[in-house]
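Novice: First to last, the protein sequences are chains A and B.
The opening position of the first sequence corresponds to residue 0 in numbering that gives the first Met the number 0, with each subsequent residue numbered one higher.
The opening position of the second sequence corresponds to residue 0 in numbering that gives the first Met the number 0, with each subsequent residue numbered one higher.
Treat the hints with care, since some could be wrong.
Which copy is meant is left open, so a pair is good if it fits within one copy or across any two.
Under the rule of at most 25 Å between Cα atoms (straight-line distance), these lysine to aspartate or glutamate pairs were calculated in the DMTMM-like manner [claimed, not checked]:
1. Lys43 to Glu116
2. Lys236 to Glu248
3. Lys143 to Asp216
4. Lys252 to Glu241
5. Lys252 to Asp78
Think of the hints as simulated: they come from the structure by calculation, not from any bench.
Number of protein chains: 2
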Amino acid sequence: MPAYRTVAIVGVGLIGGSIGLALRQRKLAGSVIGIGRRQTSLDKAIACGAIDHSTTDFESGVAGADIVIVATPVDSVADDVCRATAIVDEAALVTDVGSTKGAICSAVESSPTAVAERFVGSHPLAGNHRSGPEHATADLLEGKTVVVTPTPKTPGPTTERIAQFWEALGAQVQRMSPEQHDQALAVTSHLPHLVASALAACTPPEWLPLAATGWADTTRIAAADPELWTAIFSQNKQAVSETLAGLIEQLTKLQTELNEENWTQIHDTLQQAKRIRDALGN
Amino acid sequence: MPAYRTVAIVGVGLIGGSIGLALRQRKLAGSVIGIGRRQTSLDKAIACGAIDHSTTDFESGVAGADIVIVATPVDSVADDVCRATAIVDEAALVTDVGSTKGAICSAVESSPTAVAERFVGSHPLAGNHRSGPEHATADLLEGKTVVVTPTPKTPGPTTERIAQFWEALGAQVQRMSPEQHDQALAVTSHLPHLVASALAACTPPEWLPLAATGWADTTRIAAADPELWTAIFSQNKQAVSETLAGLIEQLTKLQTELNEENWTQIHDTLQQAKRIRDALGN
Numbered sequence: 000m001p002a003y004r005t006v007a008i009v010g011v012g013l014i015g016g017s018i019g020l021a022l023r024q025r026k027l028a029g030s031v032i033g034i035g036r037r038q039t040s041l042d043k044a045i046a047c048g049a050i051d052h053s054t055t056d057f058e059s060g061v062a063g064a065d066i067v068i069v070a071t072p073v074d075s076v077a078d079d080v081c082r083a084t085a086i087v088d089e090a091a092l093v094t095d096v097g098s099t100k101g102a103i104c105s106a107v108e109s110s111p112t113a114v115a116e117r118f119v120g121s122h123p124l125a126g127n128h129r130s131g132p133e134h135a136t137a138d139l140l141e142g143k144t145v146v147v148t149p150t151p152k153t154p155g156p157t158t159e160r161i162a163q164f165w166e167a168l169g170a171q172v173q174r175m176s177p178e179q180h181d182q183a184l185a186v187t188s189h190l191p192h193l194v195a196s197a198l199a200a201c202t203p204p205e206w207l208p209l210a211a212t213g214w215a216d217t218t219r220i221a222a223a224d225p226e227l228w229t230a231i232f233s234q235n236k237q238a239v240s241e242t243l244a245g246l247i248e249q250l251t252k253l254q255t256e257l258n259e260e261n262w263t264q265i266h267d268t269l270q271q272a273k274r275i276r277d278a279l280g281n
Numbered sequence: 000m001p002a003y004r005t006v007a008i009v010g011v012g013l014i015g016g017s018i019g020l021a022l023r024q025r026k027l028a029g030s031v032i033g034i035g036r037r038q039t040s041l042d043k044a045i046a047c048g049a050i051d052h053s054t055t056d057f058e059s060g061v062a063g064a065d066i067v068i069v070a071t072p073v074d075s076v077a078d079d080v081c082r083a084t085a086i087v088d089e090a091a092l093v094t095d096v097g098s099t100k101g102a103i104c105s106a107v108e109s110s111p112t113a114v115a116e117r118f119v120g121s122h123p124l125a126g127n128h129r130s131g132p133e134h135a136t137a138d139l140l141e142g143k144t145v146v147v148t149p150t151p152k153t154p155g156p157t158t159e160r161i162a163q164f165w166e167a168l169g170a171q172v173q174r175m176s177p178e179q180h181d182q183a184l185a186v187t188s189h190l191p192h193l194v195a196s197a198l199a200a201c202t203p204p205e206w207l208p209l210a211a212t213g214w215a216d217t218t219r220i221a222a223a224d225p226e227l228w229t230a231i232f233s234q235n236k237q238a239v240s241e242t243l244a245g246l247i248e249q250l251t252k253l254q255t256e257l258n259e260e261n262w263t264q265i266h267d268t269l270q271q272a273k274r275i276r277d278a279l280g281n
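Based on the provided sequences and hints, a complete structural model is requested.
Specialist: And the structure:
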């Protein structure tokens with residue numbers, strides 16, 4: 000007997016598709032249904048083996064699911080979650096995979112039409128610069144961290160059952176508040192993205208033949224979808240702005256040290272950075 | 000008959016070791032001799048198969064070489080090059096692999112003891128965040144760009160013979176002046192390094208479990224050797240400072256746009272960055 004009768008995935012891109020592949024490979028769901036706006040994308044997801052069935056009709060798609068995963072762009076998540084919580088059975092649960100959590104969770108809790116106790120937010124730390132189900136892989140979540148963000152109003156069992164869902168896919172779950180999540184991710188994800196884009200945008204294209212490994216690594220995520228990321232920055236505006244201010248300060252300090260030839264201090268900053276980077280590995 | 004009787008490599012680390020491995024694998028040299036300060040490092044390089052022989056005696060090591068490659072840290076390169084040009088045979092040539100070129104090339108040309116016409120500067124764009132001969136690989140230079148930087152005083156045949164040397168190792172050669180090189184590399188290598196380090200240094204270590212692919216890629220080169228990079232920044236101080244000023248300006252503009260919720264403009268910058276990043280590939 001699979002753990003779930005039916006799992007519905009709203010938005011079958013890189014993350015949604017990878018969840019579908021993992022559910023099917025691990026035989027965790029009787030049926031995986033993909034819900035989207037364009038049948039061509041859904042056909043691609045079926046061809047990739049990410050889902051069993053598909054529909055462009057949101058209501059009938061989520062109606063029979065035990066678990067609904069909303070994997071749409073962050074500026075659509077709250078609406079899709081609100082609708083889904085109102086349609087599903089009493090015992091069913093809804094989560095999402097958005098890169099921001101504060102705006103989404105408070106929109107769901109303050110919605111007059113949502114059934115908020117059926118929802119808890121999630122964020123799998125497993126994206127990359129690619130998009131679309133054709134880049135989905137069954138092991139994308141394996142060994143990765145999924146942040147689950149209950150609020151004081153989230154029922155304990157809702158959080159636990161969603162945490163179990165991610166663990167069944169091979170991920171490690173970390174619980175924190177939506178606000179803590181957004182503060183931390185501003186530093187560990189949103190700021191690096193903004194900086195990678197600023198660096199790439201500052202590079203005269205005629206010098207690209209002189210870009211080696213360092214440039215390639217440092218700017219890789221600048222290849223991600225600009226729409227998705229503009230929405231992420233807009234939803235985590237304040238934390239990103241504050242953390243960007245800290246980086247600008249650090250860079251201005253480095254510039255003064257360069258101009259003053261303060262090599263001892265520059266060396267110390269590089270050494271501190273190396274210590275932190277080495278702690279992550281790979 | 001191999002193309003070179005003896006190649007001497009001064010400093011057998013990641014790059015020097017990879018050159019040695021490639022020369023031996025491609026059977027381009029009758030003998031590859033490694034010159035260093037510590038016999039333990041040289042023994043490691045012999046064990047890796049990067050060199051045939053080794054010595055800690057600079058003079059006897061370079062004396063019989065057709066080609067001398069100086070692969071020491073950038074703040075030692077000019078001295079080592081000057082000494083080598085004065086020791087080698089009349090027909091022998093000297094080059095280096097330093098990440099900066101202006102300071103090195105002008106130090107050699109203004110040295111009263113160097114024989115400057117036996118030298119032209121090189122910079123293989125093939126480093127990474129690792130160091131030491133144990134990370135050297137025979138294909139490190141294959142398909143990579145090596146910048147060769149003649150000055151108005153460099154004899155044409157010196158440039159051509161050094162270019163042929165790199166091409167024999169599978170690299171593509173691009174010729175430019177030392178000053179052009181330093182301007183371009185400030186943008187395509189030195190600035191990304193400084194920014195990767197600033198980002199890593201700004202990250203509270205307790206949030207590392209929340210760092211995903213984006214943070215890992217963007218900060219990877221911050222794991223490189225702080226000594227080597229402090230020396231690089233010091234030798235290309237002005238160009239790095241100017242290019243850093245441009246980036247700080249770009250980031251400050253992005254911050255204003257964030258605070259003013261100017262999502263159209265932020266989207267445009269992300270789109271422009273994606274276009275440039277996509278042009279590089281991988």
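Novice: Taking the hints in turn, state whether each one holds.
Specialist: Status of each hint after checking the structure:
1. For the homomeric pair Lys43 and Glu116, neither the shortest alpha-carbon distance inside one copy (33 Å) nor that between copies (62 Å) is at most 25 Å.
2. Taking the shortest Cα distances, Lys236 and Glu248 sit within 25 Å of each other both inside one copy (18 Å) and across copies (19 Å).
3. Taking the shortest Cα distances, Lys143 and Asp216 sit within 25 Å of each other both inside one copy (20 Å) and across copies (16 Å).
4. Taking the shortest alpha-carbon separations for Lys252 and Glu241, both the intra-copy value of 17 Å and the inter-copy value of 14 Å come in at or below 25 Å.
5. When the C-alpha separation of Lys252 and Asp78 is checked against a cutoff of 25 Å, the pair qualifies neither within a copy, at 43 Å, nor between copies, at 31 Å.
Hints 1 and 5 from the earlier list are contradicted by this structure; the remaining hints agree with it.
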